[in-house]
Amino acid sequence: QVQLVESGGGVVQPGRSLRLSCAASGFSFRSFSMHWVRQAPGKGLEWVAIISHDEEKIFYGDSVQGRFTVSRDNSNNMLHLQMNNLRAEDTAVYYCAKDPYNYNYMDVWGKGTTVTVSS
Amino acid sequence: EIVLTQSPATLSLSPGEGATLSCGASQSIDSFLAWYQKKPGQTPRLIVYDVSKRASGIPARFSGSGSGTDFSLTISSLEPEDFAVYHCQQYRDWPLTFGPGTKVEI
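The listed protein sequences derive, respectively, from chains A and B. Going by my numbering, the first sequence opens with residue 1, and the numbers climb by one from there. Going by my numbering, the second sequence opens with residue 120, and the numbers climb by one from there.
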């Protein structure tokens, strides 16, 4: 079945960088857009980024634009999120999510990986 | 940015009762609206997309409606597993945005 497994979370100091990864299986990864979505403690869901199947379409949420970079490796069914210049407000559970095609919503989600930005 | 608002913030109900959750958009989003269910410590789950289409495996007690700027998710008769937070999401324009959520509690 479709499975998404995030990794790379941890505790990091403000201003530092972290790279998240998402391993996809059970579907034709190269055919689908993928998203990153986060949820800060006690807050709602916040969309972070999208990358289309062919990397032609990449968009970011306003709060991470210019600091985060999404990428994918279709040969290895991997999605990545490079997070630079991290801030305390980036503390959240980060979810990798699959798009049903290029429809811009999320039909399958991973279990998430936790990022804590703290000195 | 399209801002989504949800009401009420919290809905206190009993199993067997019906629930109606509202989602409003700051501008027209046509029919580009999805609903997700989120339980603490669990992964989000797609409930409805394109306003009214149920996702795979979602029971018929869930139904979505609306158009333009006003939308709703109705749960006809609450089951114990339905108590959760529900978020709406628009995909009419960038950036994609979520509503703050409605908590359906016992």
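Keep in mind that a hint or two might mislead.
[Claimed, not checked] With a cut-off of at most 35 Å between alpha-carbon atoms, the simulated DSBU-like pairs for lysine-lysine come out as follows: (1) B:Lys158 <-> A:Lys57; (2) B:Lys222 <-> A:Lys57; (3) A:Lys43 <-> B:Lys157; (4) A:Lys43 <-> B:Lys222; (5) B:Lys172 <-> B:Lys157; (6) B:Lys222 <-> B:Lys157; (7) A:Lys57 <-> A:Lys43; (8) A:Lys43 <-> B:Lys158; (9) B:Lys158 <-> B:Lys172; (10) A:Lys57 <-> B:Lys172; (11) B:Lys158 <-> B:Lys222; (12) A:Lys43 <-> B:Lys172; (13) B:Lys222 <-> A:Lys111; (14) A:Lys111 <-> B:Lys158; (15) B:Lys157 <-> A:Lys111; (16) B:Lys157 <-> A:Lys57; (17) B:Lys172 <-> B:Lys222; (18) A:Lys111 <-> B:Lys172; (19) A:Lys43 <-> A:Lys111; (20) A:Lys57 <-> A:Lys111.
[Unchecked claim] Residues from chain A shown here face chain B by an in silico Cβ test under 7 Å; the list is partial: (21) Gly26; (22) Phe27; (23) Arg30; (24) Ala40; (25) Trp47; (26) Asp54; (27) Ile58; (28) Asp73; (29) Ser75; (30) Tyr101; (31) Trp109.
Hints in this document: simulated from the structure, not taken from any laboratory. Where a beta carbon is used, it is the ideal one built from N, C-alpha and C, also for glycine.
Going through the hints against the structure:
1. A threshold of 35 Å between alpha carbons decides the hint, and for Lys158 (chain B) with Lys57 (chain A) the separation of about 31 Å falls inside it, so the pair holds.
2. In summary, the hint linking Lys222 (chain B) to Lys57 (chain A) is supported, as the alpha carbons are separated by about 34 Å, within the 35 Å threshold.
3. A distance of roughly 12 Å separates the Cα atoms of Lys43 (chain A) and Lys157 (chain B); the hinted pair therefore holds under the 35 Å criterion.
4. Simply put, Lys43 (chain A) and Lys222 (chain B) have alpha-carbon atoms about 12 Å apart, close enough for the 35 Å limit, and the pair holds.
5. In summary, the hint linking Lys172 (chain B) to Lys157 (chain B) is supported, as the alpha carbons are separated by about 18 Å, within the 35 Å threshold.
6. Distance check on the hinted pair: Lys222 (chain B) and Lys157 (chain B) sit about 9 Å apart at the alpha-carbon level, within 35 Å; holds.
7. For the hint linking Lys57 (chain A) to Lys43 (chain A), the alpha-carbon distance of about 28 Å falls within 35 Å, and the restraint holds.
8. A C-alpha spacing of about 13 Å is found between Lys43 (chain A) and Lys158 (chain B), which places the hinted pair at or below 35 Å, so the restraint holds.
9. At most 35 Å may separate the alpha-carbon atoms for a hinted pair to count; Lys158 (chain B) and Lys172 (chain B) meet this at roughly 21 Å.
10. Proposed proximity of Lys57 (chain A) and Lys172 (chain B) is supported: the alpha carbons are some 26 Å apart, at most 35 Å.
11. A threshold of 35 Å between alpha carbons decides the hint, and for Lys158 (chain B) with Lys222 (chain B) the separation of about 10 Å falls inside it, so the pair holds.
12. A threshold of 35 Å between alpha carbons decides the hint, and for Lys43 (chain A) with Lys172 (chain B) the separation of about 27 Å falls inside it, so the pair holds.
13. Restraint check for Lys222 (chain B) and Lys111 (chain A): satisfied, since their Cα atoms lie roughly 20 Å apart, inside the 35 Å limit.
14. The hinted pair formed by Lys111 (chain A) and Lys158 (chain B) meets the criterion: a straight-line CA distance of about 12 Å does not exceed 35 Å.
15. Note on Lys157 (chain B) and Lys111 (chain A): the hinted pairing holds, with a Cα-Cα distance of about 12 Å set against a maximum of 35 Å.
16. Pair hint Lys157 (chain B) plus Lys57 (chain A) holds up; C-alpha atoms about 28 Å apart against a cutoff of 35 Å.
17. Annotation: proposed proximity of Lys172 (chain B) to Lys222 (chain B) holds, straight-line Cα distance about 22 Å (limit 35 Å).
18. At roughly 24 Å between alpha-carbon atoms, Lys111 (chain A) and Lys172 (chain B) fall within 35 Å of each other, so this suggested pair holds.
19. Of the supplied pair hints, the one linking Lys43 (chain A) and Lys111 (chain A) holds, its CA atoms being roughly 17 Å apart against a limit of 35 Å.
20. Straight-line distance between C-alpha atoms of Lys57 (chain A) and Lys111 (chain A) comes to about 25 Å, which keeps the hinted pair within the 35 Å bound.
21. Contact between Gly26 (chain A) and chain B, as hinted, is not supported at the beta carbon level, the nearest pair being about 14 Å apart and thus beyond 7 Å.
22. Against a cut-off of 7 Å between C-beta atoms, the interface hint on Phe27 (chain A) is violated, since the closest Cβ of chain B lies about 13 Å away.
23. Residue-level restraint check for Arg30 (chain A) is violated (minimum Cβ-Cβ distance to chain B is 22 Å; threshold 7 Å).
24. The criterion of a C-beta within 7 Å of any C-beta in chain B is not met by Ala40 (chain A), whose closest approach is roughly 12 Å, and the hint is violated.
25. With a cut of 7 Å, the hint placing Trp47 (chain A) at the interface with chain B holds, because the nearest CB-to-CB distance is about 4 Å.
26. The criterion of a C-beta within 7 Å of any C-beta in chain B is not met by Asp54 (chain A), whose closest approach is roughly 18 Å, and the hint is violated.
27. Hint status for Ile58 (chain A): violated, given a least beta-carbon distance of 11 Å to chain B, over 7 Å.
28. A least Cβ separation of about 23 Å between Asp73 (chain A) and chain B goes past the 7 Å threshold, and the interface hint is therefore violated.
29. A least Cβ separation of about 26 Å between Ser75 (chain A) and chain B goes past the 7 Å threshold, and the interface hint is therefore violated.
30. Taking 7 Å as the C-beta cut-off, the interface hint given for Tyr101 (chain A) is violated, the closest approach to chain B being about 11 Å.
31. Because the closest C-beta pair between Trp109 (chain A) and chain B is about 4 Å apart, less than 7 Å, the hint holds.
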